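Each chain, written out:
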Amino acid sequence: MWNSIKKIIKPVTLTEAWQDKKRNSSFYSGGSYLLADKPEEIETLIDLQELLKSKIFINEDILYLGAAAELQLIMDRLKRELPEYPLIKAIQNSCPSINIRNQRSVGGEIGQNRPSSDVLVFLHAVKARLTVFKEDESSVSIRNWDGKGIITEISLPVKFKSINYQRYAVIPSAPAIVVITGVNFGDNFEFAVGGTADLIQNFQVPAAKWNNEAALSLARTAGANFKEDHLGSAEYKISLLETAFKRTGEVL
Amino acid sequence: MKVSFILNGKPEKADERAGTTLFDYLRAQGLFSVKYGSDRGETGADSVLIDDKIYNSSLLLLYRLENKSVVTLEYFSSGTGIHPLQAAFINEGAIQCGYCTPGLILAAEALLKRVSAPSELEVRQALAGVYCRCTGYVKPIKAVMKYSGSEL
Numbered sequence: 001m002w003n004s005i006k007k008i009i010k011p012v013t014l015t016e017a018w019q020d021k022k023r024n025s026s027f028y029s030g031g032s033y034l035l036a037d038k039p040e041e042i043e044t045l046i047d048l049q050e051l052l053k054s055k056i057f058i059n060e061d062i063l064y065l066g067a068a069a070e071l072q073l074i075m076d077r078l079k080r081e082l083p084e085y086p087l088i089k090a091i092q093n094s095c096p097s098i099n100i101r102n103q104r105s106v107g108g109e110i111g112q113n114r115p116s117s118d119v120l121v122f123l124h125a126v127k128a129r130l131t132v133f134k135e136d137e138s139s140v141s142i143r144n145w146d147g148k149g150i151i152t153e154i155s156l157p158v159k160f161k162s163i164n165y166q167r168y169a170v171i172p173s174a175p176a177i178v179v180i181t182g183v184n185f186g187d188n189f190e191f192a193v194g195g196t197a198d199l200i201q202n203f204q205v206p207a208a209k210w211n212n213e214a215a216l217s218l219a220r221t222a223g224a225n226f227k228e229d230h231l232g233s234a235e236y237k238i239s240l241l242e243t244a245f246k247r248t249g250e251v252l
Numbered sequence: 001m002k003v004s005f006i007l008n009g010k011p012e013k014a015d016e017r018a019g020t021t022l023f024d025y026l027r028a029q030g031l032f033s034v035k036y037g038s039d040r041g042e043t044g045a046d047s048v049l050i051d052d053k054i055y056n057s058s059l060l061l062l063y064r065l066e067n068k069s070v071v072t073l074e075y076f077s078s079g080t081g082i083h084p085l086q087a088a089f090i091n092e093g094a095i096q097c098g099y100c101t102p103g104l105i106l107a108a109e110a111l112l113k114r115v116s117a118p119s120e121l122e123v124r125q126a127l128a129g130v131y132c133r134c135t136g137y138v139k140p141i142k143a144v145m146k147y148s149g150s151e152l
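Chains as they are written, first to last, in the numbering used here: chain A, 1 to 252; chain B, 1 to 152.
In isolation and in its complexed conformation, chain A is listed as follows:
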């Protein structure tokens, strides 16, 4: 029982949904994160399920995901059409439970903005774009999104020169201590780094300048946002980062 919930609103349009958003209310789509936390300050849920699309399609090497598309739905579709696309593994690792993947929407995964999400790290690395509704719809890079508005669609490239995804966790189904996705866009390598850090960090390195020293330098810079905890010291995490950068760079 989520005792604090007094009212559920089902807006007919996104404009109405945006206007309904007030203090003590929350947008509600998949709901797996919200229901797990059941924050007591939330009294009103604004149900977006009927307003958001869950359509998934690929057009001219761009993958379009409706914000309401559940993670399992995305996995199933990608396994059929792009079986090597690393987003499949990122989803599996972000959320090992099929029970939850059947419910969790990709829009919600982005909205939660958790650095430990392999999916979010992947979307940062490939420079996904979000269509976001506030007073009206606009497109913004996931890296520049301010966290406000209703995400309606996500678009991301599916073709790169090369791409690699590395994660280190206590066991495969545990959240990653360190997770990195690297993408070779031709002239540049783009990296996104997450895990037990405070935030997702993005780095760009000219492909011609990539070497082991660059990997160590990035590991030290990224490592500044990794603190000592029960999983290991800050130095240990920098060491993991260095290994992850090197291995990613080797593949790229």
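Do not rely on the hints blindly, as some may be mistaken.
Unchecked claim - Ranges of calculated distance between the beta carbons of each label pair, as one might list FRET restraints:
#1 B/Gln96 x A/Glu40: 34 to 42 Å
#2 A/Arg114 x B/Gly93: 36 to 44 Å
#3 B/Pro11 x A/Asp146: 44 to 52 Å
#4 B/Ala117 x A/Ala208: 44 to 52 Å
#5 A/Asp198 x B/Asp15: 27 to 35 Å
#6 B/Lys68 x A/Lys79: 22 to 30 Å
#7 B/Tyr36 x A/Asp146: 33 to 41 Å
Hints listed in this document are in silico derivations from the structure and should not be mistaken for laboratory results. Since this is a predicted model, take the numbers as computed values, not measurements. Using N, Cα and C, we set each Cβ at its ideal position, and we do this for glycine too.
We have chain A; now place chain B onto it with these hints.
Quick look at chain B alone, frame taken from chain A:
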């Protein structure tokens, strides 16, 4: 809030508070195969099938069930005897404390609705949302594989 859905093959009408979860409702109806594991969906002991897909009932608000079909393990035994999948679990000794068993069987059923002869990896991934701390999954996996006629 009012909601109409199908529960274990029969029409169900409910009128509950807005924050009522499906888990709360099912337990109140005496459907005790749906177990409390955590409120956070971490255990899968609260698993149910909704339109043949597996979900954690404690992460779903009841009002969202409008026009959907909900199945708990009780539905499996509502005929003349136990379901062959349940028998497979018994025959393999895939039960120890039994707390997670309803969730494991529903997770297996959800998989077998999609894939008739799954691989071991597919079975492992399908059961991954239900925590079993007794069996180590070896026997439940064997039970599902044998039941589906798949080779180990």
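Status of each hint after checking the structure:
A hinted range of 34 to 42 Å for the beta carbons of B/Gln96 and A/Glu40 is consistent with their spacing of about 37 Å. In this structure the supplied range 36 to 44 Å holds for A/Arg114 paired with B/Gly93, their Cβ-Cβ distance being about 40 Å. Between B/Pro11 and A/Asp146 the C-beta distance comes to about 46 Å, which sits within the given range of 44 to 52 Å. In this structure the supplied range 44 to 52 Å holds for B/Ala117 paired with A/Ala208, their Cβ-Cβ distance being about 50 Å.
Here the CB-CB span from A/Asp198 to B/Asp15 is close to 45 Å, at odds with the stated 27 to 35 Å. Between B/Lys68 and A/Lys79, the C-beta spacing of about 25 Å keeps the proposed range 22 to 30 Å intact. Checked against the hint of 33 to 41 Å, the C-beta distance between B/Tyr36 and A/Asp146 comes to roughly 39 Å, which is consistent with it.
Hint compliance for this structure: hint 5 is the single one not met.
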